Amino acid sequence: MVKGKRKPLKQIQDSIKDYNKVLTVGCGGCVSICLAGGQKEVIALNTELNVTFKLEKIETRLDAYTVERQCNMNFLAELDKVVEKYDCLMSMACGAGVQLLAERFHQKPVIPAINTMAIGIDRGVGLYEERCRACGECVIGFTGGICPVTRCAKGLFNGPCGGVNNGQCEANKDAPCAWVDIYNRLKEQNRLDSILKFQETMLWQNQTQRTIIQEPYEKRYYEKS
Amino acid sequence: MYEFIRGPMAWTCFSILILGMIFQVVRFFLLTKKIQPVRLATPPRYIKKKFELSRESLPSLAAKLRVSVVGVNPLMTLVTIVFHVSIIVLPLFLMEHNILLDVLWGINFCPCSFPESIADFLTGVILACILFFLFRRIFVSRVRSISTFYDYFIILLTATPFVTGFLAIHGFFDYRTLIIIHLISVNLIMVFLPFAKFVHSIFFFLNRFFIRSEYSLSTGSRNW
Amino acid sequence: MPETEAKPEAPDRKEILEFLSEHKTKMKLFLKVCAHCGLCAESCFIYTTRGCKPEYMPSHKMINSIGKLYKKKGKVSWETFEEIKEIVWKRCVLCTRCYCPLGIDIPEMIALARSICRSQNVLPDFDEE
Ligand code: SF4
Ligand code: SF4
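Top line first, the protein sequences correspond to chains A, F and L. With my numbering, letter number 217 in the first sequence gets 217, and the count goes up by one each step, no holes. Counting the second sequence from 1 gives a position; my numbering is that position plus 225. Counting the third sequence from 1 gives a position; my numbering is that position plus 449.
Don't read these hints as lab results, they were simulated from the structure. The structure displayed is predicted, hence computed values, not measured ones. All C-beta atoms, glycine included, are put in the ideal place defined by N, C-alpha and C. Possibly wrong hints are sitting among the right ones.
Stated by the list, open to error - If you want a taste of the chain L side facing chain F, the calculated C-beta under 10 Å gives, among others:
id	residue
1	Thr474
2	Ala490
3	Glu504
4	Lys521
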């Protein structure tokens, strides 16, 4: 579902170096599934930071705790007793989780350790593909189960732009044109009339589909450089 | 009886071991499917990380080690590795076994056998590991909670050939009885290996090297 | 209120067996390969944050859910199903992160147990959250 990726270590380090006792809070939901913020990543991040701080002789102590889901108050209750001892919380949940954590413990600074990237699907171990922008107006019923908002670089609602080249997108040569895919699928299902109706357009910024690869898995999916 | 155990029974068990292992491996490949590796266009700024030991790489190496099984369960990892390597190495390099091979079929491995002191030491190590496993099973509550009679039986069965072999070599008790127990237990282990709890010896390699998962020891090319 | 179907006297053994036999080889293999070593325990955050109690260890959950259904050949009572329901929905969130040195896919087994529960209309209590 929600896919995230950890922030660069340096950035995390800078944001917590002024605190003495930090609690890193993991989440057992989506970010655990996408290998970004589960118990293992929490422990790995803490170890990495502890060693870094030790080398630089900075006195910051980090502890770890992973809750079932940070986007639900009920699961945050168990933190009440734990949190008191710390002067900063660092959350490894998605943006939603971080905000709920910040809401419950509003007297403490809450810092995100991962970037929430997308709503996506699992393609492989540590490899994810964005599939939904949560635009709030789902149109994939008309478009053969292919999202034009996410997949089309221009978020077009009524057929492709003039830049299609051999079925590829002009904004990203490596990506197939969403509208070519939509057309092919609907044709296969004999439902082409479904895109003949006019769809109200939305004003989206140009964005190409994002792919999230966890850093340790990069070499698995990239060609040798 | 001794002749029977040493002859037909041993050969039968050995064949079961080999055929059983082949069966498990073949079935594994029939049950699993090959998956196509995913390859993406490399972004221009991508730099492939190389392994290096430096002040900069120390934190991330420490983190990797900490979350691996070595960092989570150091003692158990060490004991497990030492134990499994020893139980394979010791029988292969034992002087008495190699002399036997030489006498029976003229295969001469004798020069690369372990001297007695090393063999005794390794036996000691193996038995210590077995005791560790046994105590862990009895005293660590989470391990006890899933232990069955079968698990204890397996531990005892593994210990038997090493204990009897050691005693026989050093001339304790009745040599012939000891050797008979020694052979029977080894035969049993051979039969158990491809079909009972010991199949983990085969599936450790199959699962961890071929199946694609977060913890696979290779990129992994197959799926169930 | 719509009329709810009366609960049958016992779970439908035939249906459970169908589920089990569909995944039999792999399930049998996983249950057999498991060395009962307990190394999976710490990889489960549910185990570590709920006081390291054995019943939260991944293998314990697998053995007592799908393992039990398999061992009893599908002949289980509603009480057992309640226990299994508790295990597969309350003690595991299917985060798929458990480590097993032998490569056993525990979440998949838990998911299978969940499907069998659903087939018998044993469902998680959603309203509690
Ligand atoms: S780590 Fe694997 S083999 Fe060990 S108890 Fe857990 S599931 Fe079984
Ligand atoms: S999948 Fe279930 S058993 Fe495995 S780590 Fe997650 S919660 Fe624990």
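Hint by hint, here is what the structure shows:
Residue-level restraint check for Thr474 (chain L) holds (minimum Cβ-Cβ distance to chain F is 6 Å; threshold 10 Å). Hint status for Ala490 (chain L): holds, given a least beta-carbon distance of 5 Å to chain F, under 10 Å. Using the Cβ-Cβ criterion of 10 Å, the hint placing Glu504 (chain L) at the interface with chain F is satisfied: the shortest such distance is roughly 7 Å. Nearest Cβ of chain F to the Cβ of Lys521 (chain L): about 15 Å, over the 10 Å cut. The hint is violated.
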